[in-house]
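The task is to assemble the complex, starting from two chains supplied on their own in separate frames and drawing on the hints.
First to last, the protein sequences are chains A and B. Using the numbering used here, the first residue of the first sequence is number 1, and each one after it goes up by one. Using the numbering used here, the first residue of the second sequence is number 1001, and each one after it goes up by one.
Derived from the structure by calculation, the hints contain no laboratory data. Here the structure is a predicted model, which is why all the values come from computation and not from measurement. Mixed in with the good hints there might be a few duds.
For lysine to any residue, the following SDA-like pairs were computed, each having C-alpha atoms within a straight-line distance of at most 20 Å [claimed, not checked]:
(1) B:K1090 <-> A:I92
(2) B:K1090 <-> A:G89
(3) A:K168 <-> B:K1090
(4) B:K1090 <-> A:G95
(5) B:K1090 <-> A:V94
(6) A:K168 <-> B:A1075
(7) A:K168 <-> B:A1068
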Amino acid sequence: MIQELLWWVFAALTLGGAIGMLSGRNPVASLLFLVLSFFSLAALYVLLGAHFIAATQVIVYAGAIMVLFLFVIMLLNLGHDYHADVRRGGWIVVGFVCTGIMGWAISRMLGVEYRSTENAAPAIEASVRELGAVGAIAEPLFRDFLVPFELTSILLLVAIIGAVLLAKRRV
Amino acid sequence: METRTLILSAILFSLGVFGVLIRRNAIILFMCIELMLNAVNLAFVVFSRQAGIEGQVFVFFVMAVAAAEAAVGLAIVISMFRHVDTVDIKNFNLLRW
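Same shape as in the complex, but just chain B (with noise of 0.2 Å):
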């Protein structure tokens, strides 16, 4: 069972990346990368069986982190649509080259 949660968090993690690449709508990339942290987790958890459960601290911890994560980008998602009424990520070009 160990084995196969690994590669289900491998598969996730890439589904993740994959809609980071292939989407636009900010809202859906800060979903894709919540998935990216979830996948992560479970790998933690998986490996917390084999090294102790230090790996479930870890993922508290990841917890925390992606809370905060959501919470600022969340905002900075607010107040550019104040600047660009759109959250499509085309739209936000202001670093690009």
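Bound-form chain A, shown alone (with noise of 0.2 Å):
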């Protein structure tokens, strides 16, 4: 009873941080509102089950992506004068347009996919209990998932120089 209450005030939290965002004439606010509506995600994950997700949504999200996104921001300097950037008229009607259809088709191939019997809950929490949050990931990521794993490092290492390199003034 009380995770459907939690349920409801965190999904509702989650959809006005990201309408927020969107509507935001700021661009700090509209980071703050979209910091909001990741942490509320993170209650949302934690409501499913999955503690570890929901740390890393905060540590990783919510903490660091974002901030990078205030750096940027404040970097240059874009906090304080507001330029129209909403497109008119036809883009408008394009963007309901588009959205509606797409929300409809994604929400109901989703409900759609849901429907089936398999019920993996009770194992995924029955290895949480056993080998804690941390350790019901870690298994099959660094044993299913080693190479991928490896792999991302790499890709880490690479947007790092490629980071560096696109933002430096002269190579």
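This is the structure:
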């Protein structure tokens, strides 16, 4: 019962944050709305039993990535002067039509997908109880997904080099 | 709760697409892309309750890719800002027809 209530509260906060981000005029305000949305998503992850993902969401997304955005906004000094940047006329119609059709299709498809009868939640809860919230993810991550995991480190290295090279004034 | 969360994730993804279509500020476009990635993560977590813990491992990889994408994307925004002194994408039309 309390879980249902919390779900509605955090779902509303997530949606509210996303809408505030879309409609905000000031980039800093938009960013803070997005942080609110990501924090509420972390709470939804906790309600779904994904505790480690919730912690990573707060640390990596709401912490690191959003602070990176904030740094760039402040570095480029975009906080004060607002230039109207919402498209008008035809683009709004295109946006509503595309989004409506796509959202309807996706939500319908996801709803159909979930009707299957398999249920892995008890197995996940058992392995969290046995290995802890981190261990339950670490086991498949370092056994079945070891190669993708190592490739991720190459991806991050390439991203670091690319970011430094792109943002440098003269190479 | 699961089906409702999937609907929520579809709505969040659609909001992200809507933002990409109607805003012109490059930084806000990036935020919308992050929102779309998060919507996909939410769907992954819900499906992990049905298909096993691998769904949560995928969320982990998506986060790594999102971090790399944000770093490179913001570096591109900075270097474009140096050229045209704005982040409004109507000025970035070098590759347009």
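Each hint tested on the structure:
Distance check on the hinted pair: K1090 (chain B) and I92 (chain A) sit about 16 Å apart at the alpha-carbon level, within 20 Å; holds. In summary, the hint linking K1090 (chain B) to G89 (chain A) is supported, as the alpha carbons are separated by about 15 Å, within the 20 Å threshold. Distance hint between K168 (chain A) and K1090 (chain B) is unfulfilled; the C-alpha atoms sit about 24 Å from each other, more than 20 Å. Taken as a hint, the K1090 (chain B) and G95 (chain A) pair is honoured in the structure, with Cα atoms around 17 Å apart against an allowance of 20 Å.
For the suggested pair K1090 (chain B) and V94 (chain A), the alpha carbons sit about 17 Å apart, so the restraint of at most 20 Å is met. Proximity of K168 (chain A) to A1075 (chain B) is assessed by CA-CA distance (about 9 Å); at most 20 Å being required, the pair is judged to hold. With a C-alpha separation of about 17 Å, the suggested pair K168 (chain A) and A1068 (chain B) falls inside the 20 Å cut-off, and the hint holds.
Of the numbered hints listed earlier, the single one contradicted by the structure is hint 3.
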